[in-house]
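**Student:** Sequence:
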Amino acid sequence: MVNIKGLRYAVFLLIIGLTLAIGCVDKKSKVSLFGKRKVCSGLWLEKYRVFSGGAYSAELYTDYLTDSTNFRVLIGQHDDMSNFSYDCKGDTVVVTKFLIEENGRKRPDKESNFSLSHLKSQGIFE
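Sequential numbering of the sequence shown, starting at 27, is according to the numbering used here.
The hints are simulated quantities; they were obtained by calculation from the structure and are not laboratory data.
Predicted model only: the values in this text are computed from it and were never measured.
Every residue gets a Cβ at the ideal spot worked out from N, C-alpha and C, and that includes glycine.
Everything hinted at is true.
Here are the simulated distance ranges between beta carbons: (1) 128 / 68: 34 to 44 Å; (2) 130 / 152: 23 to 33 Å; (3) 34 / 138: 44 to 54 Å; (4) 127 / 149: 30 to 40 Å; (5) 102 / 129: 18 to 28 Å; (6) 147 / 106: 29 to 39 Å; (7) 139 / 96: 14 to 24 Å; (8) 84 / 120: 18 to 28 Å.
Construct the complete structure from the given sequences, taking the supplied hints into account.
**Tutor:** See the structure below:
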């Protein structure tokens, strides 16, 4: 016979544990480099895995845009159901966050523009 009270208690503890683990995620962590790729000439995307929930949750990533010497700027976080695309247009990098729908289609969500000359002059390292 299954002890229902004990099972409820175990599920409760599991939910509390997962909530605490997710709530304490450092979304700007640069500990676990997931990958680095060239965006355009002299510009790189650094992608860090900041949370891995295993079978219980999606992966959480943080993207940084950098030229490796003058600046590193935080682009944002995304999971398995969203991502960023990067388009270089002269001195400007257009970053579009898109959501991935259940049917696999990508839907644009938010667009941001970054001036490379401004980023270099500011010397921001996040």
